[in-house]
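Novice: Residue-level listing of the chains:
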Amino acid sequence: MTTLKRTPLFPVYAESGGKTIDFGGWELPVQFSGILDEHEAVRTRAGLFDVSHMGELEVKGADALANIQRWITNDASKIEINQALYSPMCYPDGGCVDDLLVYRHAADHYILVVNAANIEKDFEWVVKNSFGNVEIVNLSEGISQLALQGPLAERILQKLTDYDLSAIKYYWFAQVVTVGGIKALVSRTGYTGEDGFEIYVDAKQAIAMWNAILQAGKEDGLVPVGLGARDTLRFEAKLPLYGQEISATVSPIEAGLGMFVKLDKADFADFIGRDALAKQKEQGAKRKLVGFEMIERGIPRTHYEVQVNGRKIGEVTTGTMGPTVKKNIGLALIEAEFATIGQELDIIIRNKPVKGVIIKTPFYKREK
Amino acid sequence: MSNVPQEMKYSKEHEWVRVEGNKAYIGITDFAQSELGDIVFVELPETGDELVQNSTFGTVESVKTVSDLYAPVSGTILEINESLTDSPEKVNESPYGEGWMVVVELKDAGELDNLLTAEQYEEIIKG
Chain B
1 MTTLKRTPLF PVYAESGGKT IDFGGWELPV QFSGILDEHE AVRTRAGLFD
51 VSHMGELEVK GADALANIQR WITNDASKIE INQALYSPMC YPDGGCVDDL
101 LVYRHAADHY ILVVNAANIE KDFEWVVKNS FGNVEIVNLS EGISQLALQG
151 PLAERILQKL TDYDLSAIKY YWFAQVVTVG GIKALVSRTG YTGEDGFEIY
201 VDAKQAIAMW NAILQAGKED GLVPVGLGAR DTLRFEAKLP LYGQEISATV
251 SPIEAGLGMF VKLDKADFAD FIGRDALAKQ KEQGAKRKLV GFEMIERGIP
301 RTHYEVQVNG RKIGEVTTGT MGPTVKKNIG LALIEAEFAT IGQELDIIIR
351 NKPVKGVIIK TPFYKREK
Chain C
1 MSNVPQEMKY SKEHEWVRVE GNKAYIGITD FAQSELGDIV FVELPETGDE
51 LVQNSTFGTV ESVKTVSDLY APVSGTILEI NESLTDSPEK VNESPYGEGW
101 MVVVELKDAG ELDNLLTAEQ YEEIIKG
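Residue numbers (the numbering used here), protein chains in the order written: chain B, 1 to 368; chain C, 1 to 127.
By construction, these hints were calculated from the structure, which means they are not laboratory data. No experiment lies behind these values; they were computed from the predicted model shown. Worth double-checking, as some hints may not be accurate.
[As the list claims (entries may be wrong)] Calculated cross-link-like contacts (lysine-lysine; reagent style DSS-like; alpha-carbon spacing at most 30 Å):
{"no.": "1", "chain 1": "B", "residue 1": "Lys352", "chain 2": "C", "residue 2": "Lys107"}
{"no.": "2", "chain 1": "C", "residue 1": "Lys107", "chain 2": "B", "residue 2": "Lys238"}
{"no.": "3", "chain 1": "B", "residue 1": "Lys169", "chain 2": "B", "residue 2": "Lys368"}
{"no.": "4", "chain 1": "B", "residue 1": "Lys5", "chain 2": "C", "residue 2": "Lys126"}
{"no.": "5", "chain 1": "C", "residue 1": "Lys64", "chain 2": "B", "residue 2": "Lys121"}
{"no.": "6", "chain 1": "C", "residue 1": "Lys64", "chain 2": "B", "residue 2": "Lys352"}
{"no.": "7", "chain 1": "B", "residue 1": "Lys78", "chain 2": "B", "residue 2": "Lys281"}
{"no.": "8", "chain 1": "B", "residue 1": "Lys238", "chain 2": "B", "residue 2": "Lys265"}
Same shape as in the complex, but just chain B:
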């Protein structure tokens, strides 16, 4: 058996009743008090997540922007210093290497935040596809990331800092904020469908930061949240998960992420995957990601087959009981011709077809 990797926060899980699992080679908490409790806490109050397993790749140099523009499908020239951008990163055939956040620290200095399971793969990919004056460093080991998410996130974090957090708008960040006496990068981003922050600190300070935030949020009902609720939260908000909604064999166009594919980037039109993605946009993708709810009793799960008239038309990418919407719902990648609201689907659950119907997504959208 290979040894599982642990984040610097591993020692604190047990104090809060964390139950750990193997998540892509990482020993991470799947839940603390319970997935439904934690999910509810994030929707109505706030939750604190250890997401230190995520990777950070630093990209510096005069050609940093040009390189990033070549690697990703979104347009990084549109963001200003202290602004962040979500983007897929594709192979030449349009399949996804990963999806990531680009943080612009300076005109020639960026950090890419990538999925834990893809850190080495992404690093090799961007190095292999780099050119000119650029330096790429994998900073993942030294940086810990905490996510504070939920309607009370700002109020809780504000107790720990003099920095006016309301000044950090959605998808912007502040590079140096002193939170509970610890220097951190604070960005207004997240993966839950709620307001909130992602807080990057030196790995050595992770435990102190975790404890400071939990303590500050106690009276507001802040709880630690595991990967289980992180998944149900992001799923209800239809935020894609690499390996399920997108992967090396699923393009961002197919996954409904076309708005993050900018074919006409002003200064860098030939990004990797552009030709394949342009063709899909123009001709329409053969497959499309749809959301559905079950009409009959049953819970859809990843990889369950989807049929229409007894013929396989695709499969479920994610499915569960949606804790906030209180319905059995799923996302499925299916043949494009069936991808219309109201289309009935048979989800094959334990060899039996169980009826569902395509509905509008996201399943959950917070009231602003």
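With chain B held as given, fit chain C onto it using these hints.
Specialist: Just chain C, lined up with the frame of chain B:
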């Protein structure tokens, strides 16, 4: 620590059996519900169906997992716990009480000897 009542028999698959005359109540143990986490779906057979010892007879799903239910004894189903359709959380809240799953008419009381005592089951879940 998980609750393991003395008066019941247990299977290695974490089901319990409580015998009343020739009837047996069946459910999953406190340890099982705790391992599964929040239970959101229970699928059971119908009244009149036959259970065969050690064969699957239903499914219990938590938010993240799908698990088969294994029949700890053979018998004909007399009743199923219909309330679990709308309130599967009863399995978490009261695994040995309101969270019971089916009642069967025992086919062969001798099968009960194949099951574990509370002490033996406790040894298993201690790992």
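Novice: Look at each hint and say if it fits the structure.
Specialist: So, going through the hints one by one against the coordinates:
no.	hint	result
1	B:Lys352 <-> C:Lys107	holds (29 Å)
2	C:Lys107 <-> B:Lys238	violated (49 Å)
3	B:Lys169 <-> B:Lys368	holds (14 Å)
4	B:Lys5 <-> C:Lys126	holds (26 Å)
5	C:Lys64 <-> B:Lys121	holds (27 Å)
6	C:Lys64 <-> B:Lys352	holds (20 Å)
7	B:Lys78 <-> B:Lys281	holds (21 Å)
8	B:Lys238 <-> B:Lys265	holds (26 Å)
Comparing the model with each earlier hint shows a violation of hint 2 alone; every other hint is respected.
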